[in-house]
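Heads up, the sequence shown is in the UniProt record's numbering, so the first residue is 1 and it goes up one at a time.
Please note that the accuracy of each hint is not assured.
If you anchor each label on the Cβ, the simulated ranges turn out as follows [as the list claims (entries may be wrong)]:
no.: 1; residue 1: S75; residue 2: P565; range: 35 to 43 Å
no.: 2; residue 1: A530; residue 2: R477; range: 30 to 38 Å
no.: 3; residue 1: L126; residue 2: T701; range: 18 to 26 Å
no.: 4; residue 1: R341; residue 2: T700; range: 21 to 29 Å
no.: 5; residue 1: A15; residue 2: H229; range: 19 to 27 Å
no.: 6; residue 1: P440; residue 2: R477; range: 44 to 52 Å
no.: 7; residue 1: E603; residue 2: A15; range: 41 to 49 Å
no.: 8; residue 1: E409; residue 2: Y20; range: 54 to 62 Å
no.: 9; residue 1: T365; residue 2: H396; range: 19 to 27 Å
no.: 10; residue 1: R410; residue 2: A530; range: 27 to 35 Å
Treat the hints as calculated values from the structure; they're not laboratory data. Please read all numbers here as calculations on a predicted model, not as lab measurements. Note that the Cβ used here is the ideal one computed from N, Cα and C, for glycine as well.
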Amino acid sequence: MSTVRPEAAHAADLATEQHYVSGLYTRLDEVRARTVRRLDEQLATVPHNPQAIGEREAQVELHTQRIVALDAAESGLCFGRLDRRDADAPRYIGRIGLSAEDGDEEPLLVDWRAPAAQPFYTATPLHDLGVRRRRHIRTRGRTVVSVSDETLDLDDASGASGLTGEAVLLAELNASRTGRMSDIVRTIQAEQDRIIRADAGGVVVVQGGPGTGKTAVALHRAAYLLYTHRERLARSGLLVVGPTPTFLRYIADVLPSLGETGVVLADLGGLRPGLRADAVELPEAAEVKGRLAMAEVIAAAVRARQAVLDRPVELEIDGTPLRFTKADAARVRSRARSASRLHNEARPAVARAVIGLVARKYADTLGANVLGGANLLGEGDIAALRREVAAEPAVHRLVDRLWPRLTAERVVTDLLASPARLAAAAPDLSDGERALLHRPASAPWTVADVPLLEEADELLGVDDSAHRAHARREKQRRLRRAQDTLDQLHGSRSQDSETEDESEELSAGDLLDAEGLAERHEVADTRSVAERAAADRTWTYGHVIVDEAQELSAMAWRLLLRRCPTRSMTLVGDVAQTGSAAGASSWAEVLTPHLGHHWRLEELTVNYRTPAEIMAVADEVLVAGGSGGTAAQAVRSTGVRPWAQRVDDADLADAVAEAAAEFDKEDGTLAVVVPRSRLAAVAGAVGARLPGTATDGELTTGPAVLAPEAVKGLEFDSVLVVDPAGIVADGVRGHNDLYVALTRATQRLGVVHPGDLPPVLAGLEPR
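Please take these sequences and the hints and turn them into a complete structure.
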C-alpha cells in the first residue's frame, strides 16, 4: 500500500532522488554527445562506390535512431525505483537502459522492457517478487517533483487496491488530454504488463472494453517486441494497423516517445502503396465486398479474361490468310495455366504457344499452297517462320486479346462497372447484392476495395521477364567493365615489373575478381526497413498489430494474414463496439476460418479511463445492443453526473453549439459526436460558435465534430453526444455505435436530443 511520509522525510527523499536523477541526465548527455560525434564522423566520410555508400548509410541510420531514442528519453527519463530484499542498492527503472561508464554490472538505469524491470509493474503484496518497496518518481524536465511509495508488506497491505501506483495512475488519468495519445510507461498495470510481455509467437487477441488501455497495450507491446527481437524485426519490420487516419494521427507520438521510429503505421486503406482509398461507401456494399466469397469472385473475374474467343480470329501473315479458332484458344489457355498459376507471369507462355500454333498453321498452309501437297518444310524453315510470326503486329494483338496484361485496378474496375461481368463472376450473389457492387468505372476507391485489389494482385503476379532480361544485360555490362579495369591494372603492373627485379605490392587484381568489383558498383538501397516496407505491397512483416480489429471483414483478414506469414500478430478490440456490418460478432466467428484454433484470447477487465458515473449509463446501452459483452470495472469516479437536454428538432444545431461552448470553457479536449445524417448541420453551427472546430479528424486545434465510426479508439476530456436515437437508427449496429460514443469521455458527458430520450438512457440526469 502507499505510505505517507512526514514532510522532513519527504524532502530528504526528494533530495536523494534528485541527486541520482541528475547523475542519470549527466550520463545521458555523455552518451548522446558520443553518438552525435560518431554520426558526424560517418557523415564526413566520402564513399567511393555504391557498396561504401550503403555501409555509410547503415551506420548513419544506426546512430540517428540511437539519437532519437536518447532524445525521446529526455522527458521522464527515470520514473521508478525498486528496493529489493536481497540487494543493498536500489534498482532504478526508466525509458531506456543506461550503463555506468566503468561498465559496472548493475546498470545505472534499467530499461522498462528488460526482465529486471518487470517487478515494477507486477509485484504485489501476495507476490512481492523480492521487492520490499516500489517507488514512483515524477519529474518535470530534469527536476524531481514528487515521489510516491508502495510498501509490499503483507502485514501492512490491508488498504491495497490492486492497482500499481494508484496515486500516480489516477493523477495521469485525471490530467487533461491534448489531442494526442501519450505513453503509459510509468503506469502500466499488471494485467497490461502480462500481455505486453507475452511471447511473440502466434496470434494473441486482446479483448477489452472501453478505457481498458487496449491501444496503449498494443503500442507498448510493439516497443517491447522491438526491444526483445531487435535483430529479427530490424530486417522484417513491424506493422501497426489502425481503423482510420484520424486514429493514426492520434497515436503517432507514442512509439517515438518510447524511442521507436522504425514502425509502419497504416489504416486498411493505406496498405496499398500509391492508392487513395478514402471515398465513402454504403455499409451494405462494404459488407458484400468483405465476404470471403469475394475471393472466388475475383478469381472468376481473372479467369474470364484468359484466352476466351466467341468466334475465330482471321490473321494474315505476309499475304497468307490464317484462322485462329476457339479450340486453338483453349489449347493456349491450358498451356498457360500449366506454366503458371499467376496470370501476368503466364504471358510469356501464352506468347510462345500462340506463335507456335500460328507458325505451324503458316507452315502447313505454305506447304499445301506453295509446295503443292504435304508440308515438306524442315525444322530450320519452321524456326525461320516462327521468327517471322513473332515479329508480326497482328500476332502481338492476338496475344493481347487472348491474355491481356492486367493490373488489379483494371480487373476490379472492369468487374464492378459491368453487370454482365458481375453476373458471370458472382452467380451465387443475389441480384440485389450484385446491384450493390455495381458502380461506374470512374468511381473513386473505398477502403472495402483494397482487399479486392490485393486479392487480384495475388492472382495476377507480374510479368517481369523483360526486367529480368535487362538486369542480366546490366550485370554482364558491369562484369565486362570491371574485367577491363582489372586487365588495365594488371597491364600497368606488368610494365612496371619490367624495370624492377621484384615487386611485393598488392594490386586490386590480387584482392578482387571481376564479379566482386562489379558488386561494389551496384546501386545500394539506402532506405530504412520501414520506408522499404511501406512502399512494397508484397512486403511481409515480422509482427503485425491490429487495433479495433473487430471491424475487419473476412477479406481484410486475408490481406493482413498475407502480410504476416509467420502468424506473429497482436489483435486488440472489443466485439461490443463493432459498428461494421462486415465486422465480428465474436472472435471465433471471424478468426476460425483463417486460423482454425491457432490463436489465444487475453482479456483486459479494468476500465481506467471512463468514470463510473458514465459507465453506469453506457452499461445499459451495452445490454440493449445484445453483444453479450461484459463491461469492464471502472476504477475511478469524478462525482460529475452525465446529463441530457431535450430540445426541439429545429433548434438542435444551435443548442448543440451552445452546449459545446460551455464544455469548451473546461480544460482539455472536446468532441461532438453526431449521426452522419446531421453532421454537416451540427458542424456548421458549432464551427460558427467556436472557431477552430475541426471536422477533418484533427484533434489538436480545437473541438472536433465527428461521426460515431470516426471516434473509435479515441478519448476526450468532454464529449457531447447528439441525437442518440439518430445514432442508433443510422448505424448498422446502432446500439454499438451509441456505446462507443458514450464511452469516449474521461471527465464530462452531455447528451442533446430532439424528441424523447431513448429508454436505455434513462440514467442520464435531466438538464
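Hint-by-hint comparison with the structure:
The given range of 35 to 43 Å is respected by S75 and P565, whose C-beta atoms sit roughly 38 Å from each other. Evaluation of the 30 to 38 Å hint for A530 and R477 yields a pass: the beta carbon distance comes to about 33 Å. Look at L126 against T701: about 48 Å separates their beta carbons, and that is not inside 18 to 26 Å. At about 49 Å, the beta-carbon gap between R341 and T700 misses the expected band of 21 to 29 Å.
At about 40 Å, the beta-carbon gap between A15 and H229 misses the expected band of 19 to 27 Å. At about 48 Å, the beta-carbon gap between P440 and R477 stays in the expected band of 44 to 52 Å. Distance hint check: the CB atoms of E603 and A15 are about 43 Å apart, consistent with the given range 41 to 49 Å. The hinted window of 54 to 62 Å between E409 and Y20 holds, with their beta carbons roughly 60 Å apart.
The hint said 19 to 27 Å for the Cβ distance between T365 and H396, and at roughly 20 Å that hint holds. The supplied range of 27 to 35 Å is met by R410 and A530, whose beta-carbon atoms lie about 30 Å from each other.
The structure fails to meet hints 3, 4, 5 from the earlier list, while all remaining hints are met.
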